[in-house]
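Produce the entire structure from the sequences given, and follow the hints as far as they go.
Numbering (numbering that gives the first Met the number 0), first residue to last: 0 to 357.
Calculated from the structure, these hints are not laboratory results.
Incorrect hints may have been included.
Calculated lysine to any residue pairs in the SDA-like style (CA-CA distance at most 25 Å, straight line) [to be verified]:
#1 K145 to D230
#2 K145 to N89
#3 K146 to R109
#4 K206 to S258
#5 K146 to R110
#6 K146 to K29
#7 K146 to N121
#8 K206 to G135
#9 K206 to L317
#10 K146 to E159
#11 K206 to R254
#12 K206 to Q157
#13 K146 to G215
#14 K111 to Q143
#15 K29 to R352
#16 K168 to L153
#17 K146 to V117
#18 K168 to V208
#19 K168 to R352
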Amino acid sequence: MSSIFAALLLVLIALLGGCAGPQEKADERKIQTLWPEPPERPRYRFVTFLRSLSDIRAEDEDERLQRVLTGRSAREERIYGSPADVAARNGRIYIADPLQNAIVVFDVPRRKVFRFGVREPNRLQRPAALAIDGLGRVYVLDSQAKKVMVFDGLGLYQSEFRLEEDFAKPVGIAVDPAGERIYVVDRGSLNGDDHKVVVFGPSGERKLVLGSRGEGPGEFSIPLTAEVGPDGALVVLDAGNFRVQIFDREGTFVRQFGSAGNGLGQFSRPRGLAVDGEGRIYVSDANFNNLQIFDWDGQLLMTIGRPDPRGAPGEFSLIGQLAADASGYLYVADLFFRKVEVYDHLSDAQAARYMPAR
0 MSSIFAALLL
10 VLIALLGGCA
20 GPQEKADERK
30 IQTLWPEPPE
40 RPRYRFVTFL
50 RSLSDIRAED
60 EDERLQRVLT
70 GRSAREERIY
80 GSPADVAARN
90 GRIYIADPLQ
100 NAIVVFDVPR
110 RKVFRFGVRE
120 PNRLQRPAAL
130 AIDGLGRVYV
140 LDSQAKKVMV
150 FDGLGLYQSE
160 FRLEEDFAKP
170 VGIAVDPAGE
180 RIYVVDRGSL
190 NGDDHKVVVF
200 GPSGERKLVL
210 GSRGEGPGEF
220 SIPLTAEVGP
230 DGALVVLDAG
240 NFRVQIFDRE
250 GTFVRQFGSA
260 GNGLGQFSRP
270 RGLAVDGEGR
280 IYVSDANFNN
290 LQIFDWDGQL
300 LMTIGRPDPR
310 GAPGEFSLIG
320 QLAADASGYL
330 YVADLFFRKV
340 EVYDHLSDAQ
350 AARYMPAR
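Here it is, written out as structure tokens:
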């Protein structure tokens, strides 16, 4: 496991197994941090929440004194209002917060939290989605201003381009590692045929339009988000058609999977999408309040999460967007609990530590 979250995981273990009373320990044992649980081989492990500064940094002396004197701790205050989207690279986790009209950044290696997009002349009006390229540049889709703004990893403004008038409701963005292809998802109007994904070049020049409203291969009904997968393939969450569609780099339809329903591998209210470095595809569903994990061919592998009003690890009430980074971490946003959860994918050796002795 990368060292980025290693210290946080040790804190979590201490909190979950610390000195609580008998009844508290009975309640804590119900909290699931491994998915699936032993005796099955665990594949994913809950690492931490990302809600406040206290989730990534221990209390210092000044903060401890403030808490003792006032009964309050600024480091425990929620940093963001609504995690509309999440992206991550090199230990920096970026959260689009349309309530604060800002991008909130958890900089785990430096144990800091900061915001950007809050000052003129590069102020965000309503950040709806974001993506990161291989150089660490952050692409922010501003749905109200109808433009894409590009920042460096520390939030310094780089460039921007505006979307054309034919965009009805831009909701999602993806970018290839080189930053040469920027994909903007338009969920479309209520009665129009403008449900599409538009491909832009780095300067905002329009290169290609994928799809229109429909149910056939390559057509969309309320597309919500997209991700770039292996070999530059584009993966699109076609929510109104209850499916995931995959296109090659040139925009040619390759395959699809998913259908409407309440069964395994089906979708009811699909909301978020992520693709990791191994080609696994993650889809969150706001009706099931879980995420389903598929292989690159669309075969269901497993699920994580369940609906629950407590908001403990793996418990969701309005699950939203997802992200996966190159270090093997998975990020899951929940709009109701105003949280982002972090999971890591376990190797065989790591999983073996949790298996019962034979």
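Okay, the hints, checked on the actual structure:
1. K145 to D230: violated, 29 Å
2. K145 to N89: violated, 29 Å
3. K146 to R109: violated, 31 Å
4. K206 to S258: violated, 30 Å
5. K146 to R110: With Cα atoms ~31 Å apart, K146 and R110 exceed 25 Å; violated.
6. K146 to K29: violated, 45 Å
7. K146 to N121: At roughly 12 Å apart (the allowed maximum being 25 Å), N121 and K146 satisfy the hint.
8. K206 to G135: holds, 23 Å
9. K206 to L317: violated, 35 Å
10. K146 to E159: holds, 7 Å
11. K206 to R254: holds, 22 Å
12. K206 to Q157: holds, 21 Å
13. K146 to G215: Violated. K146 to G215 sits at ~29 Å, over the 25 Å cutoff.
14. K111 to Q143: violated, 29 Å
15. K29 to R352: holds, 20 Å
16. K168 to L153: Violated, at roughly 28 Å.
17. K146 to V117: holds, 16 Å
18. K168 to V208: Distance of about 15 Å is within 25 Å: holds.
19. K168 to R352: violated, 47 Å
The structure does not agree with the numbered hints 1, 2, 3, 4, 5, 6, 9, 13, 14, 16 and 19 stated previously, though it agrees with the rest.
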